[in-house]
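S.K.: One-letter residues, chain by chain:
2 protein chains.
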Amino acid sequence: MSSESTSKKSIGIVKTQSVRISQPLKLACGIVLTEHELIYETYGELNAQRNNGILLCHALSGDHHAAGFYEGDNRPGWWEHYVGPGKAIDSDRFFIVSVNNIGSCFGSTGPTSINPQTSEPWGASFPSLRARDWVESQRLLMEHLNIECWAAIIGGSLGGMQAMRWSLEHPTKVRNAVVIASSMKLTAQNIAFNEIARRAIKSDPDFCDGNYLQQVKAPVRGLALARMIGHVTYLSDELMGQKFGRELRIGDLVDRNADPVEFQVESYLNYQGDKFSDSFDANSYILITKMLDYFDLSREYGNDPVKAFGHSECNFLVISFSSDWRFAPERSREITDALLAADRPVSYIEIESDKGHDAFLLPNARYEDALGGYLSRVADQLQGGA
Amino acid sequence: MSSESTSKKSIGIVKTQSVRISQPLKLACGIVLTEHELIYETYGELNAQRNNGILLCHALSGDHHAAGFYEGDNRPGWWEHYVGPGKAIDSDRFFIVSVNNIGSCFGSTGPTSINPQTSEPWGASFPSLRARDWVESQRLLMEHLNIECWAAIIGGSLGGMQAMRWSLEHPTKVRNAVVIASSMKLTAQNIAFNEIARRAIKSDPDFCDGNYLQQVKAPVRGLALARMIGHVTYLSDELMGQKFGRELRIGDLVDRNADPVEFQVESYLNYQGDKFSDSFDANSYILITKMLDYFDLSREYGNDPVKAFGHSECNFLVISFSSDWRFAPERSREITDALLAADRPVSYIEIESDKGHDAFLLPNARYEDALGGYLSRVADQLQGGA
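In the order they appear, the protein sequences are chains A and B. Following my numbering, the numbering of the first sequence begins with 1 at its first residue and continues without gaps. Following my numbering, the numbering of the second sequence begins with 1 at its first residue and continues without gaps.
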């Protein structure tokens, strides 16, 4: 039914690129970044018409390394399963751009960068961000790449919020928005978990009111806790049951002795927390979770999502996962219903999965087919002449 | 249909009682408490046959003050709505005993008590506990009260676990077990949330490896975080949405200025965390969450709940709440199914509620009717001669 490539392979070795954007970026909070750096990767080739560009938007803890491998490093990008030659997001047919967004901590301008006005790290003084600021920064990268219109913008979770925001702010610059495991706004429960994570970070004495870099410290205990809280909400109860059950890693509960007992799930979570706190920046975590909390698609459209999506001109693919309780399928159905009510072209699919919110990152045949089939038709249309 | 009292009123002013149990209590971990103190309250009168006793079992953060008021204090007990004259747990018909369990921090022997062997607070050295230890200590209190058999043992959450454990360990000492919003064992997700809470406490530098009392410190930040995590899991997403939505307490998101913004739900949770950390003991929190994690009704019965319940001789009432995702209705259905398979008399009711796990503490007409109707029949049977 579609002209998919028949063999899937890895994009192989990739290199990180960077650009210093010298146009001023006026943030939603009113502060202007006079210049900013963006770190990004690209996969595939831009065609002669320059219309086969796909923008990948990462989520809270994501980065620009979506696919392939770095020289001498066997860890693939975070979306390796879906991005590459012959894959769902096919680098044989698309020019795929994956950017680390500002405020994050993987090389693009953010709290760990030097504030040119003080010659010190921005730290906690980095300006408050909104999803629209990421969109605006991505638009400047788009100009740098000399692309007029994205064939598609794709993102999961916070990435989906960026795709939706693009469709409203720059309706002529995006043909397709793929919104995966996302939401038009967070629920009170979502905000609650984010706030607990932030409080965990701020409660760590090594947070030093956000100035830990200057004091050569790092609030690793707080950040590990924050990640553990987040991590539990990304997994389904069912998956955790299958993966860990009540298995013990240390000790014995039958003996009823006083020796310490540790469940596998405890050990796993502690490991995940510690690993994350070694690689992520605490101020970035606070900044980006607040961006998530603040996101409300239709706030500036009279709180009417139908009115909001009335401004969009692209086609939409909305995908949710059955066991996702962070951004439940109900949230995706709300997006779809608003798009339908706004008379926008939308396809919606709910994927059966026991993997919770994390499902959007993980292999799943039906998800792969839905995404690959949709994008294959997009590529066919481009070739048909646009 | 039942001979319920027609007027419900508060039990009024109550006084705390205490008893020093001088029989040695051999704990499941092997350690022996040579003596221990129990703080408790009673409501109503023990009848001449001494067979109308009801034992209330509290949960993680509960205490002995289930009903009524202390002189000069207008805060009612935690189950005021359900315990008192003419209420569902009717002090006109029953002699109700509510005990603060060992390991907790409201007066009964626990980590804040003085270890007679060291003359210092037990702190983190207080022995590891199991639900069966609470049951055993409650049995010693029962002896002290000269009661041979409870008319009913009632508990929600961890309280339901005690009621079930009683039914297996002392089948002739309990006529009815009322198991509310409980589970035969925690899921991996339950354990995960408990472990994050414990890590939050242990990460607080003022925890001092559990010896904060000796150092005149208190890990209030860690304990507040622990409570916040727990609290979110006790509420339903739906209830949080109704109660807080995305309402702001401070700031304005439309203005897009850089001023701080705080959602109502953040403020509420922070308040709950702080309030709790002023009144609860961190070592008790660690101890009792571990008791929850370790609980596994059928571990000693070949991991077969049917075989386990085969040892019980009482009637069961099992109650769950539709929006409870901490101990979901599915957990109560598992209890009920095991009881049915063991050919035990059981009534099961799932109450429609949007209040999450906390529903077991809150007013709900159908819940009140179910509990009151069941216990009224129990009282009728007692009067009919037993």
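If you're looking for bench data, these hints aren't it; they were derived computationally from the structure. Errors might be hidden in some of the hints.
[Claimed, not checked] In silico lysine-lysine, PhoX-like type, Cα no more than 20 Å apart, as pairs:
1) 202/A to 290/A
2) 202/A to 275/B
3) 217/B to 275/A
4) 202/B to 217/B
5) 307/A to 202/A
6) 217/B to 275/B
7) 217/A to 275/A
8) 202/B to 202/A
9) 217/A to 202/A
S.K.: Hint by hint, note whether the structure agrees.
M.R.: We went through each hint and held it up to the structure:
The suggested pairing of residue 202/A with residue 290/A holds, with an alpha-carbon distance near 14 Å, which does not exceed 20 Å. The straight-line distance between the Cα atoms of residue 202/A and residue 275/B is roughly 18 Å, inside the 20 Å bound, and the hint therefore holds. Restraint check: the Cα-Cα separation between residue 217/B and residue 275/A comes to about 30 Å, which exceeds 20 Å; the hinted pair is violated. At most 20 Å may separate the alpha-carbon atoms for a hinted pair to count; residue 202/B and residue 217/B meet this at roughly 13 Å.
Distance restraint check for residue 307/A and residue 202/A: the Cα-Cα separation of roughly 38 Å exceeds the 20 Å cut-off, and the hinted pair is therefore not satisfied. For the given pair, residue 217/B sits about 17 Å from residue 275/B by alpha-carbon distance, which is consistent with the 20 Å threshold. For the suggested pair residue 217/A and residue 275/A, the alpha carbons sit about 17 Å apart, so the restraint of at most 20 Å is met. A threshold of 20 Å between alpha carbons decides the hint, and for residue 202/B with residue 202/A the separation of about 16 Å falls inside it, so the pair holds.
Distance restraint check for residue 217/A and residue 202/A: the Cα-Cα separation of roughly 13 Å lies within the 20 Å cut-off, and the hinted pair is therefore satisfied.
Hints 3, 5 from the list above are not met by this structure, while the remaining hints are.
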